[in-house]
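Participant: Chain residues, written in single-letter form:
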Amino acid sequence: MLELDRLWKTYDTPKGPATIVKNFNLKLKEGEFATLIGHSGCGKSTVLMMVAGLSDLSQGNMILAGREASGPGPDRGIVFQSPCLLPWMTAFENVMLGANQVYYTASKAERRQMVEYYLTIVGLGDAMHKYPSELSQGMRQRVGIARAFVLQPKMLLLDEPFGMLDSLTRYELQEVLLELWRRNRITTLMVTHDVDEAIFLSDRVVMMTDGPEAEVGDILQIPFERPRNRKQIMEDPRYYELRERLITFLNDKSHIRPSRDPKFVPSPDMAAELATHAVNFPAAAA
Amino acid sequence: MMHLIQRFKLESILLPFCAILVCGLLWYSIAGKSIITEKIDDFGDKIKVTKRAGLSADLPTPVETWTASKLYIEQPFAKRGELDQGILRFTWMSLVLVVQGYFIALVIGTPIGFFLGLSKKFTIAFDPIIQVLRPVSPLAWLPLGMILFSGVKIVNGDGRTVFGASDAAALFTIAICAMWPTVMNTAVGVRAVPQDYLNVAKVLKLSKSKTLWKVLVPATLPYMFTGFRLSLGIAWLVIVAVEMLTGRPGIGGFLWQQYNANSYAHIILCILTIGVVGYVLDRLMSVVESRFKTA
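If you're matching them up, the sequences are chains F and B in order. Just so it is clear: in the first sequence, position 145 is 145 by this note's numbering, and no numbers are missing. Just so it is clear: in the second sequence, position 205 is 205 by this note's numbering, and no numbers are missing.
Check before you lean on any hint, since a few could be wrong.
Keeping only pairs whose Cα atoms sit at most 20 Å apart, straight-line, the calculated EDC-like set for lysine to aspartate or glutamate is [what the hints assert, rightly or not]:
no.	chain 1	residue 1	chain 2	residue 2
1	F	27	F	273
2	B	202	F	93
3	F	154	F	269
4	B	205	F	56
5	B	33	B	45
6	B	202	F	68
7	B	205	F	75
8	B	208	F	93
9	F	263	F	215
10	B	208	F	273
11	B	210	F	273
12	B	210	F	93
13	B	205	F	68
14	B	205	F	93
15	B	202	F	56
16	F	29	F	203
17	B	48	B	38
18	F	231	F	203
19	B	202	F	75
No lab work stands behind these hints: they were computed from the structure. Keep in mind that this is a model prediction, so the values were computed, not measured.
Whenever a hint applies, use it, and build me the whole structure from the sequences.
Facilitator: This is how it looks when you write it as structure tokens:
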């Protein structure tokens, strides 16, 4: 569905080019929910912005649904960290703005219905004609999620969508997101630094090494069945193993760069991913 | 609580009142006073001789100013002759001209501001010109306007000129002087549009015109209105100079003509009127401005 092949991102600085992301490879299957996790500033958002088309690729290819993707477009719905609603429009109008772009052939009533449908699912049925300034942070992000889903995009990109919310609201919105995603399994790439969020929401967690020159450090498959129930997952002993592995990576191993370390041994999940790429890793080759 | 509100209200009335009183006293103390002396002239008749004395002998006192101006204020819309009209009638004439010039300034200035804000190349190209033209005084623009529009002459049925070179020059001067705050503020506003909003436009692939009207213009409006308010202030500032030089009837023309006629009290009347009108215009604009600020 989405193929990221040897993505590089370099910026020109007065001291010469600085590499933010180095040789980033990842393949997402149709309907897969993948999460990028890593320390702040490691370049995970840069990867997401490149997939979104809001940041140019310095090198590499990106293939979305069998086509080379370039530039931003409504085939990739984005939920930003701050909801980025236009403050001079109501929640309804903000979502409508996207609907008008994608369903220009549909009648006005149909578009209206669609927008109302998504706003109702995210729980804003009664507040859809309010302005962003009248909504709480959590409600604004609900609008942001509805705006991304109404596009019915090929891909959903979430850039730390719940990072600015308190933990209670975050849990609520994670459920809202899963509910929407259950109805419409859009291939999703999310960026987060919340370990629990990553495990609860995704099928695979991609761990990124520290920047600069960030790359994929490890990959973890999340085996829980869907639809997921937070309580059940929390009670599952596997949950703590997964959590332990993610935290160990973030605390102790995120500085190890597979491409430079001849002794690097990929985990089974990462080896499975590497096998699908024609990339020579020192360890993979050995 | 009640006590606090009362004190605050009292202060906000009492303090300005005191300041006005102090200024009035200062004015009175430096103004000339009439000293009437009786004396016997060469023919043996008793005559009264009025002499003015004081720090600034020709400056009328506040009371003299009021007596001389009373007629103009009490009948603000009277027309006793071309050069002798009520003060608001003159003000109205000036306002009409200001509004026209101001409108031209906004229509030209806003798009220039948008180009400056949107295009780096445009900014690099035109910034030096703008920076050089911006501080030029209205007094300097007016003669150029006269030359530029020397051929302009619109004549009505009776053969009287309704719109001539001096009118065109006046509008030109107001417009070009008042334009800059709108240009600069709009440009700053466009540059300050959050990247987030532009990203939304990009992701949704909004067309250029949709991006402009749905994102850029609403996001820039608060800045634009700050520019509009400052521009109106300048337009009102320029009108006096323009009317003095062109001899157009209006508050500034009246001021100049009263100076030439030695009615100094009326000059003070004009200054106060110009000030009050300017203040009212600014207040009105800031009400409009604050309405857009909430967006």
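Participant: All the hints need checking, so say for each whether the structure fits it.
Facilitator: Here's how the hints hold up against the structure:
{"no.": "1", "hint": "27/F - 273/F", "in the structure": "holds, 8 Å"}
{"no.": "2", "hint": "202/B - 93/F", "in the structure": "holds, 17 Å"}
{"no.": "3", "hint": "154/F - 269/F", "in the structure": "violated, 25 Å"}
{"no.": "4", "hint": "205/B - 56/F", "in the structure": "holds, 16 Å"}
{"no.": "5", "hint": "33/B - 45/B", "in the structure": "violated, 25 Å"}
{"no.": "6", "hint": "202/B - 68/F", "in the structure": "holds, 18 Å"}
{"no.": "7", "hint": "205/B - 75/F", "in the structure": "holds, 10 Å"}
{"no.": "8", "hint": "208/B - 93/F", "in the structure": "holds, 19 Å"}
{"no.": "9", "hint": "263/F - 215/F", "in the structure": "holds, 16 Å"}
{"no.": "10", "hint": "208/B - 273/F", "in the structure": "violated, 41 Å"}
{"no.": "11", "hint": "210/B - 273/F", "in the structure": "violated, 42 Å"}
{"no.": "12", "hint": "210/B - 93/F", "in the structure": "holds, 14 Å"}
{"no.": "13", "hint": "205/B - 68/F", "in the structure": "holds, 17 Å"}
{"no.": "14", "hint": "205/B - 93/F", "in the structure": "holds, 16 Å"}
{"no.": "15", "hint": "202/B - 56/F", "in the structure": "holds, 13 Å"}
{"no.": "16", "hint": "29/F - 203/F", "in the structure": "holds, 10 Å"}
{"no.": "17", "hint": "48/B - 38/B", "in the structure": "holds, 5 Å"}
{"no.": "18", "hint": "231/F - 203/F", "in the structure": "holds, 18 Å"}
{"no.": "19", "hint": "202/B - 75/F", "in the structure": "holds, 12 Å"}
The structure fails hints 3, 5, 10, 11 (numbered hints given earlier, in ascending order).
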